[in-house]
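Enquirer: Just so you know, the sequences run in chain order A and B.
Take 1 as the starting number for the first sequence in the numbering used here and just add one per residue.
Take 1001 as the starting number for the second sequence in the numbering used here and just add one per residue.
Think of the hints as simulated: they come from the structure by calculation, not from any bench.
For each residue, glycine too, the CB sits at the ideal point set by N, CA and C.
Among these hints, one or two may not hold up.
As the list claims (entries may be wrong) - If we take Cβ atoms under 7 Å as the criterion, some of the chain B residues that face chain A in the derived model are:
#	residue
1	Gly1308
2	Ala1320
3	Glu1372
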Amino acid sequence: MADLSTLDATAQAELVRSGQASAAELVDAAIERIEKVNGELNAVILPLYERARGAVEQGLPAGPFTGVPMVVKDLDGTLAGAPYHAGNIALKNANYVADTTSHLFAKLQGAGFVIVGKTNTPEFGLMTTTESVAYGPARNPWDVTRSTGGSSGGTGAAVASGMVPLGHAGDGGGSIRIPASMCGLFGLKPSRGRISLGPDETEAWAGLVMRHVLTHTVRDSAAVLDVLQGYMTGDSYTAPPPARAYASEVGADPGQLRIGVRTTAPLGIAAVDPECVRATEAAARTLESLGHTVEEASPAALDDGALLEAFGNVMIADIRADLLDVARILGRDLTADDVEPGTWSSYENAAAFDAASYVAVLRKMHAWTRRMLAWWDDDRFDLLLTPTLGGVPPELGYLTDPAEGLGRMLPYAIFTAPFNMTGQPAMSVPLASTASGLPVGVQLVAAAFREDVLIRIAAQLEQAQGWADRRPPLHA
Amino acid sequence: MADASLDATAQAELVRRGDASPLELVEEAINRAEKVNGELNAIIHPLYDKAREQAAGALPDGPFRGVPVVFKDLNCQVEGDPYNAGMNAAKRAGWRSDHTDALAQKFLEAGFVCIGRTNTPELGIVPTAEPLAWGPTRNPWDTTRTTGGSSGGSAAAVASGIVAVGHANDGGGSIRIPASCCGLVGLKPSRGRTSTLPDTTPVDAMLNVELCVTRTVRDTAGVLDAVHGPATGDTVRAPAPARPYTQEVGVDPGKLRVGFLAHNPLGTGEIHADCVAAAERAAQLLESLGHTVVHEFPAIAADPTLVGQFTNIWAAMNAADVDAWGQQLGRELTADDVEPLTWALVEMGRGLAAPDYIAAQRALAALQQGCEAWFASGFDLLLTPTLGEPPVELGHFHTPEEPFLGFMRAATFVPYTPLTNMSGEPAISLPLHWNAQGLPIGVHLVAAYGREDLLLRVGSQLEQAHPWADRVPPVHA
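From just these sequences and the hints, can you work out the full model?
Expert: This is the structure in structure tokens:
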């Protein structure tokens, strides 16, 4: 059999379909790979091996990914009967087990995927690194002294190290794209309303959160998006459906696109590491060599102070609302001991935040969004190219420093978070590495609801400058 | 030539055939306005000269080219025109719009000519058009009674025959309530069907949606075709229709399964016998057309916490609205600047914690899931009376010493309509019944999310089976 650690989900599904491998073999092999490297990486924190084997024994649904093993993040969705701790010590100590299955997990299982474990996440996904007090740090397979990024860092490490071909992730400020950049993966955050968060949620963080997967290949990401996208009963709003399947965009000619590039941080608020600038400039040249027009340009609204004010206020209000939900789960009021210090201070800061101000902040955010989107809609740009991150993967502990951590996170979210606020589709493409061999992603952002454009251009870049052969030092 | 009984579709046809000019239609509408508006107080900002000028000029070649219309003075802003949103503070400041919003743009691109802006309660809060700033709009069926609100000015203008179409919007029933009170067709489209960017954002779009009041189902369908669709920045978007809505008019809806609800599931008051009778007769009519009517409704519609959650959201938005007006007018507004109920809601919104607002939004989501699941379990429509009472006397909701008493009276008056603002589902009020006093009593039909097509099909079927075109109010142009 082929080396399963290097096969993407589409290829593994083909093995099952053609009878060259059974689902049980794929699942057992994935569990073996997890057992081999997870001790060092701490990517999978809640193995679901028996559940996975049981699902295979009971017979899997016939779908595009029947028998393919995957992991899901321990946040951004629940799986009935499986633990859900969200990186939080109180939920962990209470041994909390979820009682509903989120639509997106049901859709993944319906497509034939077998969920073999849940992955590490910072507490409630609030950090750009995966180092919770509850579960300890996930380590980067490219350098185990460094961060995987966050908040979907456990999934990032699991996929980058070859444990599984892909894994579920969620993104409220960059949490798909940040670990994609740091772990050398492809990570696409879909448009607001593209994937249902139901049945328990309709929107998270006022619409900033969207969920999807981290993958090696563009085709896997596109095919899973086909599985996950679309209205589910009771969704408050839904992105307009695509004209055709996203999988059919892979390899389709993107045409000649007009691309603006920007390498300085929005608001000039953080220095950008020269390695990240170089990666972006190299990507610009690659895009030009593919026939696209690249010019230095970006939406003026990226330098508008409304951006940070809105993001911070939406976050703290929703953190408080989420913690009140946790209190309901635990059946008691929360105390400072139940959450990490940064989370607790957000919780306390939000106490005085009134509903009228919250509505005003949301309206301001949407008005700012309109100014942002005009750059694509009215100024006729197809894509914005930026570094995914302002920095290279930092040492573990750097972003969790009690005094400096919050400020240090800024360069790691400043390029990604604006597009959570606008709800646009955005992706990190693993096109570069630092001199010392650490992965560096570049971000491309399309007009509202145009994942099709992203997938076409990502596939073109993947073909022109493939990353499939790059393996981290720590690999299963 | 055109008279007050012609609907907008017929008027547009006159222009298209060359049987009337836009200027003639507009002059006639202005004449009708001058005849009855003194009594009704429907139009508060006449724009007659501007309308004449537009009608005489090069109008866009849209489906309603040259047809006169009125815009409610809440949203649907046109650059340079007076704009008060029912607020005395804005009236005193002589406020005028500094831009044209996406919705007004679409009305104008369709060829409509706006002859004036119509009365609305302050910020559209209460279900009657009686702002202190502009005084009451009077119901053409009985001038001592309410037109309903908040789109009461537009409804009076259409019911009295001044114009065939009046812009309206609906965040808690404000299209359907005046449609019921004035004997008109009022469709509240699905959440996200229309856009008023940049003034209202996706936050507001969770409850509020824009359209119109009309006398015919085909006019409502035609206007919906003309003005639906998103603008840049709209993230809350209804799924696009399969075909133009005008093509649904007259199409056989098939045999439908209709749930029936004519008691007050929230316990905010009894439903008046006239309103129950209207719904019961509509049920009989639907059955005579081959549909099945069963006494069932979404159980979650009886959740007693809904009124509080809805009020929380309204209070927060209202407080933010008043703050935004203060910024616009260049000074902080105080209790003296707004009506007592408005200020009570401002204080409530400011006193509410942001997470409680988020919790209220989550409660709406649960309601929507419950309602949609009910439709998915085998129902096509829900039938209710539009209102809990016939049009009440003017002044009924104005309780300045005890502002929330008026608000609670409103809950008794409108027990059904806010549910579909919370669920996002489309709903229509049809003028199928008049009580013994000759007052219109509307009937309310709700469909699953995105199914305006079904409401228009069944609406036109009912219009044909039980026509209301010959019903004319005592005050008529």
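Enquirer: Ala1320(B) was flagged as interface toward chain A. Is the shortest Cβ-Cβ separation under 7 Å?
Expert: The hint holds - Ala1320(B) has a Cβ within 7 Å of chain A, the shortest such distance being about 4 Å.
Enquirer: A closest beta-carbon separation below 7 Å is what the hint needs, so does Gly1308(B) meet it against chain A?
Expert: For Gly1308(B), the interface hint is violated, since the closest Cβ of chain A sits about 13 Å away, which is over 7 Å.
Enquirer: Holds or violated: is the Cβ of Glu1372(B) closer than 7 Å to a Cβ in chain A?
Expert: holds (5 Å)
Hint compliance for this structure: hint 1 is the single one not met.
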